[in-house]
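Engineer: Listed below are the residues making up each chain.
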Amino acid sequence: GNSVTQMEGPVTLSEEAFLTINCTYTATGYPSLFWYVQYPGEGLQLLLKATKADDKGSNKGFEATYRKETTSFHLEKGSVQVSDSAVYFCALSGLPNFGNEKLTFGTGTRLTIIP
Amino acid sequence: SQTIHQWPATLVQPVGSPLSLECTVEGTSNPNLYWYRQAAGRGLQLLFYSVGIGQISSEVPQNLSASRPQDRQFILSSKKLLLSDSGFYLCAWSVRGQANQPQHFGDGTRLSIL
Chain Z
1 GNSVTQMEGP VTLSEEAFLT INCTYTATGY PSLFWYVQYP GEGLQLLLKA TKADDKGSNK
61 GFEATYRKET TSFHLEKGSV QVSDSAVYFC ALSGLPNFGN EKLTFGTGTR LTIIP
Chain P
1 SQTIHQWPAT LVQPVGSPLS LECTVEGTSN PNLYWYRQAA GRGLQLLFYS VGIGQISSEV
61 PQNLSASRPQ DRQFILSSKK LLLSDSGFYL CAWSVRGQAN QPQHFGDGTR LSIL
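In order, the protein sequence lines correspond to chains Z and P. For the first sequence, our numbering assigns the number 115 to the last residue and increments by one with no breaks. For the second sequence, our numbering assigns the number 114 to the last residue and increments by one with no breaks.
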């Protein structure tokens with residue numbers, strides 16, 4: 001079955017540092033890949049997505065490239081801010097199966113940015 | 001635009017009491033609907049999903065149940081809460097019948113069992 005492996009946290013960085021959160025996946029077919037962000041006390045927000053190999057999703061300075069050859073979708077940001085402190089989830093989706101489209105989530109990576 | 005509402009935002013209940021959490025979606029028709037639970041500091045656990053009115057699939061056996069009385073309404077219930085039911089409950093929706101669609105989440109309900 002499908003699975004997502006995320007780098008274990010917590011991750012603590014100084015403001016303006018470069019961020020990478022690793023995500024690798026196992027899936028059949030051609031899944032779409034997503035990054036979600038969860039700020040304290042809130043639900044999950046879709047941060048970015050990529051639907052096919054070599055696609056780059058980007059939003060709010062974050063980027064991730066769908067690498068089929070390495071089955072990876074690493075999240076990067078060139079210069080993090082304190083406001084980026086949150087939990088980040090990598091997820092994948094597949095083709096619909098009788099109308100059901102479940103996502104497979106990673107376990108989440110807690111990111112803390114210190115001023 | 002589509003919106004998803006969950007309520008209440010927080011809830012404190014004694015062990016053995018009943019539970020009803022409600023989720024509604026606006027601005028779309030025939031969505032897939034999902035209930036997740038997130039224990040403190042943990043990842044997401046899919047509890048139930050629904051592809052239509054009255055159609056509920058359970059992912060994890062437990063003392064919770066779900067119902068979908070209307071197309072855009074999804075309810076999570078329990079007859080008798082356990083201490084282990086504490087957590088952050090999230091409702092989500094996605095477009096039905098289309099490949100590779102993201103899920104969109106509500107703001108969650110924080111449930112504390114005393």
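Be careful, since some hints might not be right.
[As the list claims (entries may be wrong)] Sample of chain Z residues lacking proximity to chain P, with all beta carbon distances greater than 12 Å (derived):
| hint | residue |
| --- | --- |
| 1 | Ser32 |
| 2 | Gly61 |
| 3 | Arg67 |
| 4 | Gly78 |
[Unchecked claim] Here are a few chain P residues that face chain Z, going by a calculated C-beta distance under 8 Å:
| hint | residue |
| --- | --- |
| 5 | Thr28 |
| 6 | Asn32 |
| 7 | Leu46 |
| 8 | Leu47 |
| 9 | Ser94 |
| 10 | Pro102 |
| 11 | Asp107 |
Hint data in this document are derived by calculation from the structure and do not stem from the laboratory. These numbers were taken from a predicted model, which means no experiment stands behind them. Note that CB positions come from ideal geometry on N, CA and C, so glycine has one too.
Engineer: Tell me the hint numbers this structure goes against, listed in increasing order.
Structural biologist: The structure conflicts with hints 1, 5 and 8, although it agrees with all the remaining ones.
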